[in-house]
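Protein chains: 4
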Amino acid sequence: MQAVMTEAELMAFMRRAFAQVAEEFRVERLTADGIVMRLKVDDRHLRPGGTVSGPSIFALADVAVYLAILARIGPVALAVTTNGTVDFLRKPAAGVDLLAEARLLKLGRVLAVGDVLIRSEGSDAPVARSNMTYSIPPRREQF
Amino acid sequence: MQAVMTEAELMAFMRRAFAQVAEEFRVERLTADGIVMRLKVDDRHLRPGGTVSGPSIFALADVAVYLAILARIGPVALAVTTNGTVDFLRKPAAGVDLLAEARLLKLGRVLAVGDVLIRSEGSDAPVARSNMTYSIPPRREQF
Amino acid sequence: MQAVMTEAELMAFMRRAFAQVAEEFRVERLTADGIVMRLKVDDRHLRPGGTVSGPSIFALADVAVYLAILARIGPVALAVTTNGTVDFLRKPAAGVDLLAEARLLKLGRVLAVGDVLIRSEGSDAPVARSNMTYSIPPRREQF
Amino acid sequence: MQAVMTEAELMAFMRRAFAQVAEEFRVERLTADGIVMRLKVDDRHLRPGGTVSGPSIFALADVAVYLAILARIGPVALAVTTNGTVDFLRKPAAGVDLLAEARLLKLGRVLAVGDVLIRSEGSDAPVARSNMTYSIPPRREQF
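Chains as they are written, first to last, in the working numbering: chain A, 1 to 143; chain B, 1 to 143; chain C, 1 to 143; chain D, 1 to 143.
Since the hints were derived computationally from the structure, they do not count as laboratory data. Given the structure is predicted, the values throughout are model-derived calculations rather than measurements. Treat the hints loosely; a few may be bogus.
Said to hold, decoys possible - Below are the EDC-like pairs computed for lysine to aspartate or glutamate, each with C-alpha atoms no more than 20 Å apart in a straight line:
| # | chain 1 | residue 1 | chain 2 | residue 2 |
| --- | --- | --- | --- | --- |
| 1 | D | Lys-106 | A | Asp-124 |
| 2 | A | Lys-40 | A | Glu-23 |
| 3 | B | Lys-40 | B | Asp-124 |
| 4 | B | Lys-40 | B | Asp-97 |
| 5 | B | Lys-106 | C | Asp-124 |
| 6 | C | Lys-106 | B | Glu-7 |
| 7 | B | Lys-106 | C | Glu-101 |
| 8 | C | Lys-106 | B | Glu-121 |
| 9 | A | Lys-106 | A | Glu-121 |
| 10 | A | Lys-106 | D | Glu-28 |
| 11 | D | Lys-91 | D | Asp-124 |
| 12 | D | Lys-40 | D | Glu-28 |
| 13 | D | Lys-91 | D | Asp-43 |
| 14 | C | Lys-91 | C | Asp-124 |
| 15 | D | Lys-106 | A | Glu-121 |
| 16 | B | Lys-106 | B | Glu-121 |
| 17 | D | Lys-106 | A | Glu-28 |
| 18 | A | Lys-40 | A | Glu-7 |
| 19 | B | Lys-91 | B | Asp-43 |
| 20 | C | Lys-106 | B | Asp-43 |
| 21 | B | Lys-106 | B | Glu-23 |
| 22 | C | Lys-106 | C | Glu-121 |
| 23 | B | Lys-106 | C | Glu-23 |
| 24 | A | Lys-106 | D | Asp-124 |
| 25 | A | Lys-91 | A | Glu-121 |
| 26 | A | Lys-106 | D | Glu-101 |
| 27 | B | Lys-40 | B | Glu-7 |
Claimed, not checked - Have a look at the derived ranges for each label pair, beta carbon to beta carbon:
| # | chain 1 | residue 1 | chain 2 | residue 2 | range |
| --- | --- | --- | --- | --- | --- |
| 28 | B | Gln-20 | A | Val-110 | 50 to 56 Å |
| 29 | B | Val-76 | C | Gly-50 | 31 to 37 Å |
| 30 | C | Ala-19 | A | Thr-6 | 38 to 44 Å |
| 31 | C | Val-96 | B | Gly-108 | 17 to 23 Å |
| 32 | C | Gly-49 | A | Glu-121 | 43 to 49 Å |
| 33 | C | Gly-74 | B | Pro-138 | 48 to 54 Å |
| 34 | B | Lys-91 | A | Val-96 | 33 to 39 Å |
| 35 | A | Arg-29 | B | Gly-108 | 39 to 45 Å |
| 36 | A | Ala-94 | C | Gly-95 | 29 to 35 Å |
| 37 | D | Ala-125 | B | Val-4 | 33 to 39 Å |
| 38 | C | Met-11 | A | Gly-50 | 55 to 61 Å |
| 39 | A | Gly-49 | C | Val-4 | 49 to 55 Å |
| 40 | D | Gly-95 | A | Asp-43 | 35 to 41 Å |
Every residue gets a Cβ at the ideal spot worked out from N, C-alpha and C, and that includes glycine.
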């Protein structure tokens, strides 16, 4: 599953296709089997007690697997999430970003599946674990 | 599982504890085994193509089960989501709110589990299905 | 989603396609949006303490959604489970069968999604909740 | 999370507590953060077409996380699965065992969470991905 897009191309795609949220995230790097994404945590992501909101963590896992897929199949804006699951494991560390390490476990003709570990930057213990399934549109729709 | 809070008390609690997002949601009504919640869909929830974003749907399911629990055990702000899953089934209808129908399947000493069907207002076919698990803090911490 | 197979046809299909396990299950009845299936609980399904094993409950949910789908699209042995989730809620009642009530939430061209509530016969409180996703083979492969 | 039981002690515990199924599984080795378990695939696990049944794969993931937990907290037969999820990714290779690599992501006072990758022996591509949550009984009940 060789990448066909660079980190910079993924960021440009995200700014074009998801202008509303693109600034919250950053592609850190493509990996052999996935991607590392950053959530630039600020007040809008926080809940009372200083924890990062569940939907923000879901969004981070979702975008990480999405871009890990696009990096391999090209900028197919029509791939859609069909299932997303998050286990919330620990409260994030205060005042630091979250880093999501996503790996693709399957990239099929119809479905792609990835899992994600999310950690506070500088910590080893995972804040959340997630798995995401995407439906891949038929290739002819890409042209 | 008799409710110990009214719809108005739940709304007041949400505005106090989650001021940032409370305006996006409305408690429609408590039901025998759960709650009906509304997501007041506006531009911030939308993605290109007019679909409601995955994190917005996750947030709606999460808050619905959370308030369904609180309605039965009282305003325990410390209950935390431990697992959340969403199956995305259909694109929502354009220009209408989403309604989430949550039911509590278990309300134990330690864990509570609910499931949720989300529909576009005025439609029967579900847009998403979700299940959420909450960890309930020990009762002594509530006082 | 009109049924195109009867309960008896589903049972006959199951005995033909899954001879090894067919005797453990019984189609109770087709419903408007799903099916009710029975697990004939015996020693092989039990664990120490008299609880029904997790894999037995998974199997019951899986077969219930599978047959609910086949009842609507015909005997397509090639439909495969792509995701299965079970929340275990309560210990089953001793010495009685389990009944699974499955409903189809989506029956698409490519994916079908159902959810399931499992109860001990004669009890209201659910023993388990499940959701299952199936990949539907392209229609041309069915002929 | 230092292990307090050896592979041999885990196998002995499994034979004692789960005599019915113990022979199907083998502890391959404890790892730094989990365990590797083998499912000795035979006819009882197979479905038409030669695939390993979903419940068998669920059982393998379940026992792997269970023993990964027990290895760290000692032989607490009362730990119970509260949630189990499996994504089925590929058909297993014919005629070989399955190996499950489980890692513990959280081992808390009340809940433990692990994830699992399952592969056919000798293959790199995963057959299934799973996550399992266990409820840990209060320590006082262990004595």
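Structure-based check of each hint:
no.	hint	verdict
1	Lys-106(D) to Asp-124(A)	holds (12 Å)
2	Lys-40(A) to Glu-23(A)	holds (8 Å)
3	Lys-40(B) to Asp-124(B)	holds (18 Å)
4	Lys-40(B) to Asp-97(B)	holds (5 Å)
5	Lys-106(B) to Asp-124(C)	holds (12 Å)
6	Lys-106(C) to Glu-7(B)	violated (31 Å)
7	Lys-106(B) to Glu-101(C)	holds (17 Å)
8	Lys-106(C) to Glu-121(B)	holds (18 Å)
9	Lys-106(A) to Glu-121(A)	violated (27 Å)
10	Lys-106(A) to Glu-28(D)	violated (25 Å)
11	Lys-91(D) to Asp-124(D)	holds (13 Å)
12	Lys-40(D) to Glu-28(D)	holds (11 Å)
13	Lys-91(D) to Asp-43(D)	holds (16 Å)
14	Lys-91(C) to Asp-124(C)	holds (13 Å)
15	Lys-106(D) to Glu-121(A)	holds (18 Å)
16	Lys-106(B) to Glu-121(B)	violated (27 Å)
17	Lys-106(D) to Glu-28(A)	violated (25 Å)
18	Lys-40(A) to Glu-7(A)	holds (17 Å)
19	Lys-91(B) to Asp-43(B)	holds (16 Å)
20	Lys-106(C) to Asp-43(B)	violated (27 Å)
21	Lys-106(B) to Glu-23(B)	violated (28 Å)
22	Lys-106(C) to Glu-121(C)	violated (27 Å)
23	Lys-106(B) to Glu-23(C)	violated (31 Å)
24	Lys-106(A) to Asp-124(D)	holds (12 Å)
25	Lys-91(A) to Glu-121(A)	holds (13 Å)
26	Lys-106(A) to Glu-101(D)	holds (17 Å)
27	Lys-40(B) to Glu-7(B)	holds (17 Å)
28	Gln-20(B) to Val-110(A): 50 to 56 Å	violated (38 Å)
29	Val-76(B) to Gly-50(C): 31 to 37 Å	holds (33 Å)
30	Ala-19(C) to Thr-6(A): 38 to 44 Å	violated (53 Å)
31	Val-96(C) to Gly-108(B): 17 to 23 Å	holds (22 Å)
32	Gly-49(C) to Glu-121(A): 43 to 49 Å	holds (44 Å)
33	Gly-74(C) to Pro-138(B): 48 to 54 Å	holds (53 Å)
34	Lys-91(B) to Val-96(A): 33 to 39 Å	holds (36 Å)
35	Arg-29(A) to Gly-108(B): 39 to 45 Å	holds (43 Å)
36	Ala-94(A) to Gly-95(C): 29 to 35 Å	violated (52 Å)
37	Ala-125(D) to Val-4(B): 33 to 39 Å	violated (52 Å)
38	Met-11(C) to Gly-50(A): 55 to 61 Å	holds (56 Å)
39	Gly-49(A) to Val-4(C): 49 to 55 Å	holds (53 Å)
40	Gly-95(D) to Asp-43(A): 35 to 41 Å	violated (57 Å)
Hints 6, 9, 10, 16, 17, 20, 21, 22, 23, 28, 30, 36, 37 and 40 from the list above are not met by this structure, while the remaining hints are.
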